Amino acid sequence: MGKIANEELLQKLNDKFPGQVAETGADFGLLTVETNKESINAVLSFLKTDAALQFIYLTDLTAVHYPELEKPIGVIYHLHSLTTNTRIRIKVFLSLDDLHIPTASTIWDGANWMERETYDFFGVIFDGHPDLRRILNVDDMTVFPMRKEFPLEDPNRIDKKDYFFGR
Amino acid sequence: MQNHPVYTDNDPQTEYSTLNLGPTHPATHGVFQNVLQMDGERIVSGVSTIGYIHRAFEKIAEHRPFYQITPLTDRLNYCSSPINNMGWHMTVEKLLNIEMPKRVDYMRVIIMELARISDHIICNGVLGVDTGAFTGFLYMMEHREEIYEIYEEICGSRLTTNIGRIGGFERNFNKIAFDKIRRFLVRFPPVLKEFEALFNRNRIFVDRTKGVAAVTAEAALSYSWSGPILRATGVDYDVRAMEPYSSYEDFDFEVPVGENGDVYNRFLVRNEEMWQSMRIIEQALNKIEKEPSDIFHADVPAFYLPPKEEVYNNMEALIYHFKIVMGEVETPNAEVYHSVEGANGELGFYLVNDGGRSPYRLHFRRPSFINYQMYAPMSQGMLLSDAIINMSSLNVIAGELDA
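Chain order of the listed sequences is A and B. The first sequence begins at 561 in our numbering and counts up by one. The second sequence begins at 883 in our numbering and counts up by one.
Fair warning: there could be bad hints in the mix.
[Stated by the list, open to error] Covered, in the sense of this in silico footprint (three residues per stretch, anywhere, with C-beta under 8 Å from a C-beta of chain B), are these stretches of chain A:
(1) 585 to 591
(2) 672 to 681
[As the list claims (entries may be wrong)] Result set (DSS-like, lysine-lysine): computed pairs, CA atoms no more than 25 Å apart in a straight line:
(3) Lys597(A) - Lys576(A)
(4) Lys941(B) - Lys721(A)
(5) Lys708(A) - Lys941(B)
[Unchecked claim] Covered by chain B, per the in silico footprint, the following chain A stretches (three or more residues, Cβ under 8 Å):
(6) 605 to 612
(7) 651 to 664
Treat the hints as calculated values from the structure; they're not laboratory data. As the structure is a prediction and not an experimental result, all values here were calculated from the model. We put the beta carbon where it would ideally sit given N, CA and C, even for glycine.
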């Protein structure tokens, strides 16, 4: 089976979940869709079990912090359909006062540690996760260090400010 | 073994002991800790603790220009760092839409396949050690040294190579490097053959590994396994064949698969991959001869540092040099995911770029991290000595596990 065209994939998702899935781009041919946390698990299960799509492989699960957005934490899923060699990227944005999202570890066993890592660094709480603990950082850490409010360098440093370089 | 009594929790005779397996010294298998509940020699349950050498590479990467992230990738899977370096270069080149000349692609293929061989040499050699046979390890180690000498000839370093640049290589391969690669292709096959003769039908080795830690293809896919251990279960997923990068589509090679995903199958798959890698290197050397011999980087002055003598004598080169070093080059506002077939599986780079000096967010899809999470569940009911060789055959590299 050949690669599934992005339009066809998007059409299927829109037919199945009307109004729940929106395309946000296709950088370098990789279809990116955004959905919400109410339908995320239904979307993932549909993509995994649909006979024509078969996105059976969870490549990656992580998050990105955009502090300026209303819903600043984006949880990013990369799925791969091994039979058709098609990839898809799914995003769900969460607001800081409600960082709950259903766990994908009920769909893929491999999501377990990826979700623990995402919790560890971004504080996303995966509801229903069997063992949501920190994984790489120490257990008694109180912050979520990959968020943008934790700068790596001294924020008082001025020698790298953009206005010195005309931009 | 069959008559071993199994105690349940409400059994008055229940007496489990707790065993701390690790953390071991980084120079052995890596810093892992598994707290095991033992019923005699048998593992009842286990909890893996990781993160002992977590170095926050993803955070550091958010504060560095692209070319300074290459040394970070070295330290992921440090047994085959050139693959990580090339994977990162290719991710950035994909973002910047840089087309590579064929010769550079072939040079990269040679280096990546050498790295794959050196990684598999360690894994299979150490698997022999863990089953009680030191000989094979010592035979093979000599040839890992030859591969390191090739790296040394090309980039000057051995383990953390920082090999290549965004846009190509920092310098051309010299004649000595090509000679060493050819010499390796002559000297290594008889040793690998001897190694296989020592192990493949060795009664002790086969008894220790066959049927141990067998994993079904369904379980492996559900745990997002990739690389040789996934192929040992019978799934022929190899990024090189599925989504060819760096002109892998020009090469004729096979993707070896196993049957039942046990330790023995993983061993065989890795051995066969070394043969295939040598086939690829052989073809790449022949293809390189047909390409113009002075090309070792793409023509992208905005991203590839000019030679020093030009920086001092040529205005454009000086401007580009300044812009690259100060991070003033324009980069597109885009998200890119690129993956390469690392020695342990699919090594992915998810790069979110906002046009700034450094990535807005960079996430490494690290095969060791994802492969290792099945270790504790699959150890249940296993003998301790089997769990040890299972760990060797997963080839978990602590640097890649913890990032």
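Hints broken by the structure, by number, lowest first? Hints 6, 7 not satisfied by this model.
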